[in-house]
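Throw the hints in and build the complete structure from the sequences for me.
Protein sequence lines correspond, in order, to chains P and E.
Each step along the first sequence adds one to the number in my numbering, with nothing skipped, and position 98 is 98.
Each step along the second sequence adds one to the number in my numbering, with nothing skipped, and position 101 is 101.
Hints were generated in silico from the structure; no laboratory data involved.
A few of these clues could be false.
Using C-beta positions, here's what the derived DEER-type ranges look like [said to hold, decoys possible]: (1) GLY63/E x GLN57/P: 40 to 50 Å; (2) ASP29/P x GLU30/E: 17 to 27 Å; (3) THR86/E x VAL13/P: 31 to 41 Å; (4) GLN2/P x GLY63/E: 23 to 33 Å; (5) ARG44/E x ALA7/P: 16 to 26 Å.
Under the rule of at most 25 Å between Cα atoms (straight-line distance), these lysine-lysine pairs were calculated in the PhoX-like manner [claimed, not checked]: (6) LYS57/E x LYS107/P; (7) LYS57/E x LYS3/P; (8) LYS55/E x LYS102/P; (9) LYS70/E x LYS102/P; (10) LYS57/E x LYS102/P; (11) LYS3/P x LYS70/P.
This one's a predicted model, so the numbers in the text were calculated from it and none came from an experiment.
Glycine is no exception: its CB is placed at the ideal position from the N, C-alpha and C atoms.
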Amino acid sequence: AQKVTQAQTEISVVEKEDVTLDCVYETRDTTYYLFWYKQPPSGELVFLIRRNSFDEQNEISGRYSWNFQKSTSSFNFTITASQVVDSAVYFCALSEANRDDKIIFGKGTRLHILP
Amino acid sequence: DVKVTQSSRYLVKRTGEKVFLECVQDMDHENMFWYRQDPGLGLRLIYFSYDVKMKEKGDIPEGYSVSREKKERFSLILESASTNQTSMYLCASSFPDIYTDTQYFGPGTRLTVL
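See the structure below:
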């Protein structure tokens with residue numbers, strides 16, 4: 001069965017610190033997709049990244065980076081030099097190939113960036 | 001940019017009322033979804049639709065129904081609202097392409113049932 005675990009329920013860091021959000025997944029499929037979404041206080045889930053299971057290259061986008069390791073079934077998300085605007089709930093998610101109706105979300109990590 | 005809109009940001013209803021939550025997307029997406037989000041439980045799929053007039057049950061369909069008469073619009077219906085349906089409801093849409101299929105979400109409707 002598919003499962004996504006975000007063990008960190010809540011994290012607080014001081015502005016400008018780096019922070020890593022952990023995501024561990026379980027799936028029997030060989031082809032799957034991993035996602036990260038951000039949910040700011042306004043409530044809308046904002047898509048951040050989609051990664052397919054055949055692409056283990058790390059991704060960097062500005063202050064955001066993602067580390068995908070199939071050996072440990074992890075897809076961790078790092079924010080470098082955090083800012084107050086990064087405060088949000090972050091969700092990691094998993095889906096089977098061609099079946100995005102089966103997206104499984106983790107329970108989310110609430111990130112507080114303190115000024 | 002993908003735009004998914006929901007008819008209300010906040011809604012207060014009474015137990016037993018029939019409630020309609022509307023969702024509209026402007027990107028000609030095939031798939032549309034309704035989730036509810038509750039503290040500690042994350043997002044749970046209620047229903048989804050992969051085409052007009054088509055619908056599939058998600059993980060928690062009990063107490064809900066849906067309607068998709070037009071491609072851009074997907075409605076969630078609470079036939080007789082109950083207090084345990086107080087929640088945040090999120091609509092999403094996606095295009096079923098293996099290279100790009102990603103769900104895009106609306107702003108959510110926070111429903112309170114008294």
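Are ASP29/P and GLU30/E spaced within 17 to 27 Å by their CB atoms?
holds (22 Å)
Does the alpha-carbon distance linking LYS70/E and LYS102/P stay inside the 25 Å limit?
Holds - the C-alpha atoms of LYS102/P and LYS70/E are around 23 Å apart, at most 25 Å.
Honestly, do ARG44/E and ALA7/P meet the 16 to 26 Å range at C-beta?
Roughly 20 Å apart at Cβ, these two residues keep to the hinted range, so it holds.
Take a look at whether the Cβ-Cβ distance between GLY63/E and GLN57/P falls inside 40 to 50 Å.
Once the Cβ atoms are compared, 44 Å apart, the range 40 to 50 Å for GLN57/P and GLY63/E holds.
Does the Cβ-Cβ separation between GLN2/P and GLY63/E fall within 23 to 33 Å?
With Cβ atoms ~25 Å apart, the hint holds.
Under the criterion that the straight-line Cα-Cα distance not exceed 25 Å, is the pair LYS3/P, LYS70/P satisfied?
Within the cut-off at roughly 15 Å; holds.
Verify the proposed pairing of LYS57/E with LYS3/P, using a straight-line Cα cut of 25 Å.
At roughly 19 Å apart (the allowed maximum being 25 Å), LYS3/P and LYS57/E satisfy the hint.
Is the Cα-Cα distance between LYS57/E and LYS102/P 25 Å or less?
holds (11 Å)
Does the beta carbon distance between THR86/E and VAL13/P stay inside 31 to 41 Å, or does it fall outside?
Since the Cβ atoms of THR86/E and VAL13/P sit about 32 Å apart, the hinted range of 31 to 41 Å holds.
Next pair to validate is LYS55/E with LYS102/P; report whether the Cα-Cα distance is within 25 Å.
Holds, at roughly 14 Å.
Straight-line Cα separation of LYS57/E and LYS107/P no greater than 25 Å?
holds (21 Å)
Checked against the numbered hints listed earlier, the structure breaks none of them; every hint is satisfied.
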